[in-house]
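Chemist: Next come the chains, spelled out residue by residue.
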Amino acid sequence: MGDAIATGRRARPIRILVAKVGLDGHDRGVKIVARALRDAGMEVIYTGLHRTPLEVVKVALQEDVDAIGVSILSGAHMTVFPKLLDLLRAEGLADEIALLGGGVIPDEDVVALKRLGVADLVGQDATPDEVVAAVQTAVAARRTVR
Amino acid sequence: MGGAAGRSPDDDRRTPLADERLRRQAAEDAAAWEAAELAEFVRRQPESRSEYRTASGLPLQRVYTPADVAGSDWERLGLPGRYPFTRGPYPTMYRGRLWTMRQIAGYGTPADTNERFRYLIAQGQTGLSVDFDMPTLMGYDSDHEMSEGEVGREGVAIDVLDDMEALFAGIDLESISVSMTINPTAWILLAMYVAVAQGRGHDLNKLSGTIQNDILKEYVAQKEWIYPIGPSMRIVRDTIVHCARTMARYNPINISGYHISEAGANALQEAAFTMANARAYVREVVGSGVPADDFAGRLSFYFVCQSDFFEELAKFRAVRRVWATMMREEFGARRPESMRLRFHCQTAAASLTKPQPYNNVVRTTLQALCAVLGGAQSLHTNGLDEAYAIPSESAMKLALRTQQVIADETNVASVVDPLGGSYYLESLTDRMERGIHDYLRRIEEIGGTLRAIETNFFQREIAETAYEHALRKASGERVVVGVNKYVDPPGADEAVDVHRIDPAAERRQIEHLRAVKAARDPTAVGSALARLRSDAADTAANLMPATIEAVKARASMGEIVEALRPSFGTYRETPVF
Numbered sequence: 001m002g003d004a005i006a007t008g009r010r011a012r013p014i015r016i017l018v019a020k021v022g023l024d025g026h027d028r029g030v031k032i033v034a035r036a037l038r039d040a041g042m043e044v045i046y047t048g049l050h051r052t053p054l055e056v057v058k059v060a061l062q063e064d065v066d067a068i069g070v071s072i073l074s075g076a077h078m079t080v081f082p083k084l085l086d087l088l089r090a091e092g093l094a095d096e097i098a099l100l101g102g103g104v105i106p107d108e109d110v111v112a113l114k115r116l117g118v119a120d121l122v123g124q125d126a127t128p129d130e131v132v133a134a135v136q137t138a139v140a141a142r143r144t145v146r
Numbered sequence: 001m002g003g004a005a006g007r008s009p010d011d012d013r014r015t016p017l018a019d020e021r022l023r024r025q026a027a028e029d030a031a032a033w034e035a036a037e038l039a040e041f042v043r044r045q046p047e048s049r050s051e052y053r054t055a056s057g058l059p060l061q062r063v064y065t066p067a068d069v070a071g072s073d074w075e076r077l078g079l080p081g082r083y084p085f086t087r088g089p090y091p092t093m094y095r096g097r098l099w100t101m102r103q104i105a106g107y108g109t110p111a112d113t114n115e116r117f118r119y120l121i122a123q124g125q126t127g128l129s130v131d132f133d134m135p136t137l138m139g140y141d142s143d144h145e146m147s148e149g150e151v152g153r154e155g156v157a158i159d160v161l162d163d164m165e166a167l168f169a170g171i172d173l174e175s176i177s178v179s180m181t182i183n184p185t186a187w188i189l190l191a192m193y194v195a196v197a198q199g200r201g202h203d204l205n206k207l208s209g210t211i212q213n214d215i216l217k218e219y220v221a222q223k224e225w226i227y228p229i230g231p232s233m234r235i236v237r238d239t240i241v242h243c244a245r246t247m248a249r250y251n252p253i254n255i256s257g258y259h260i261s262e263a264g265a266n267a268l269q270e271a272a273f274t275m276a277n278a279r280a281y282v283r284e285v286v287g288s289g290v291p292a293d294d295f296a297g298r299l300s301f302y303f304v305c306q307s308d309f310f311e312e313l314a315k316f317r318a319v320r321r322v323w324a325t326m327m328r329e330e331f332g333a334r335r336p337e338s339m340r341l342r343f344h345c346q347t348a349a350a351s352l353t354k355p356q357p358y359n360n361v362v363r364t365t366l367q368a369l370c371a372v373l374g375g376a377q378s379l380h381t382n383g384l385d386e387a388y389a390i391p392s393e394s395a396m397k398l399a400l401r402t403q404q405v406i407a408d409e410t411n412v413a414s415v416v417d418p419l420g421g422s423y424y425l426e427s428l429t430d431r432m433e434r435g436i437h438d439y440l441r442r443i444e445e446i447g448g449t450l451r452a453i454e455t456n457f458f459q460r461e462i463a464e465t466a467y468e469h470a471l472r473k474a475s476g477e478r479v480v481v482g483v484n485k486y487v488d489p490p491g492a493d494e495a496v497d498v499h500r501i502d503p504a505a506e507r508r509q510i511e512h513l514r515a516v517k518a519a520r521d522p523t524a525v526g527s528a529l530a531r532l533r534s535d536a537a538d539t540a541a542n543l544m545p546a547t548i549e550a551v552k553a554r555a556s557m558g559e560i561v562e563a564l565r566p567s568f569g570t571y572r573e574t575p576v577f
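Listed in order, the protein sequences are those of chains A and B.
Mapped onto my numbering, the consecutive letters of the first sequence carry residue numbers 1 to 146.
Mapped onto my numbering, the consecutive letters of the second sequence carry residue numbers 1 to 577.
Hints should not be assumed to be uniformly reliable.
[Claimed, not checked] Result set (DSBU-like, lysine-lysine): computed pairs, CA atoms no more than 30 angstroms apart in a straight line:
id : chain 1 : residue 1 : chain 2 : residue 2
1  : B       : K485      : B       : K397
2  : A       : K114      : B       : K473
3  : B       : K485      : A       : K114
4  : A       : K83       : A       : K114
5  : B       : K485      : B       : K517
6  : B       : K473      : B       : K485
Please keep in mind that the hints were generated in silico from the structure rather than gathered at the bench.
So that you can see chain A by itself, here it is in the shape it has in the complex (with noise of 0.2 angstroms):
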């Protein structure tokens, strides 16, 4: 990959989509998530309540984004991320963009996830600027792969 392009990509601002997947309604931490991404300098696509995986990873299609945060309090986060790794995997685009989780997630299913492709999950204790880190961290170590 050439240095213009390099250096042309690591000037355009990170795009995520921050999205609810499941049916949990609790949209306290994905708001404050999506707001102080936001006032990171990222763009954000935050897609509302009650997605599906395939819904998801179509809207990321869509926009083009860097990468997708899901927030998910229903505790069934063991379904829904390796369904979204498997749908990013078909789209070949599971190294392109970064897939990162949030909410209650218990110590030994967030190492189970990371192990299987999950970049990174933030618990519920994480500053705004914890979480900013996370994104760009994750972001970053897709764009120095490719």
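With chain A's structure known, arrange chain B on it following the hints.
Modeler: Here is chain B on its own, set in the frame of chain A:
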């Protein structure tokens, strides 16, 4: 309410809490004290902050004196069980009957949750409270594709009447009150509850309990919905009217501030938005021709108890006064039952932290004490592990013991409204009451509660407060012990036992649903759903009788929800952040 300034015709009937001479003396003494002792002391040892505020941002004085209750009248404080009910809805409060200790429970299949209910009853719990899983809350059957991974996870799964029977197997519904946290599908669960009770030969007028059924706060905060606002309000109206006619002791709605708070609102917003929602429901039912006194006595409320101790106390007292005044002045209620606000309280789940989880026991204890001093009618105390998962059995036991210690060891339940008369608390209660009225006025200016929802007024206000709170927490200005102060080194985590979901529960629930569907009489289901469809199209019809018939025929929740969709449509939100 009015301040010290200006005289109104009511002044002759006002008896100020502190008479003018006392107020003047207090003001003089305070001025002298500030010039002497205070000035000298602060010079040597400055205060830790330049200003002090409540969690809602209300400014706080160093100390309160009779001069600060100039606008407070004895008539607005008064006695418990008497208008305006500032001090509590009943004359004897906990002396007559303790608050109901009502720990919410729900997970897995109905049989799993039934087991937890029996455990909690054996531990001395005095009421039941059911948490349903997300598919049940949102109106999907367990075998719907949207339900995958969520069946029995955050609560118990209910699809058909047989599930409801299993949920309450061996539990006498006439002797224990049952609260169900259910909203857009509340009328179906109520129908199932009625069908179970009728099947057992119970007298419906002896059943006590509550369905949450508060759809407006769903659009505002919790975000569980199916249909648009109009038809949803009609469902609420039908349940209220049906219960008023057939279930004398049942609360058909639990108008809830809890979720508004947990979504990020402060105490003032929680109280004000809940009152705005309550006003909208009363208008809806009164507008259908039912006088307020025929149903208002069965309206119940639900508030959170957060950590700002005195602000929460003031909130409970102020909201009782606002409700009483609204019912009497605006809706012409005459019966005391229509004016006295009764509420369930839950300690604040969002205040719980994952690091140092045992700190959560302390937080919950203080919040529970506050709820009791504030005059709650029933109380749920959170488990220490709720930042991890739904609570384990041992966490629920400790949470219940917390209430029992407060009830039996502290002696706080012996005196009604024990902090009433405190210059600080009375002043803060008055301030909170004014703040609620200010919000209610703004909401009326927007065009009322429904219009305020449609224009995202509440949602914006809540998101704004939530974001400010997150920033204050991140900066350390808002201290959270163990998270941004007194933090343990990495790896020093205290372990808690976490409730694990049985991964086979989802499959068992789906198999059961399919078996019930295979065994039922399809003609009976078809005609029950047809009647529902035609009742839905007739706005004057009450949906409850047809729904009860449908659940008895073993129509599933998802089928009932879908039967109404052609008439009612689907709600879509425009998210703001």
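Chemist: Against each hint, give a clear statement of whether it holds in the structure.
Modeler: These are the hints, each one checked on the structure:
1. Between B:K485 and B:K397 the alpha-carbon distance is near 29 angstroms, which keeps this suggested pair within the 30 angstroms criterion.
2. Distance hint between A:K114 and B:K473 is fulfilled; the C-alpha atoms sit about 27 angstroms from each other, no more than 30 angstroms.
3. The hinted pair formed by B:K485 and A:K114 meets the criterion: a straight-line CA distance of about 28 angstroms does not exceed 30 angstroms.
4. About 14 angstroms separates the Cα atoms of A:K83 and A:K114, which keeps this hinted pair within 30 angstroms; it holds.
5. The suggested pairing of B:K485 with B:K517 is violated, with an alpha-carbon distance near 55 angstroms, which exceeds 30 angstroms.
6. The suggested pairing of B:K473 with B:K485 holds, with an alpha-carbon distance near 10 angstroms, which does not exceed 30 angstroms.
Hint compliance for this structure: hint 5 is the single one not met.
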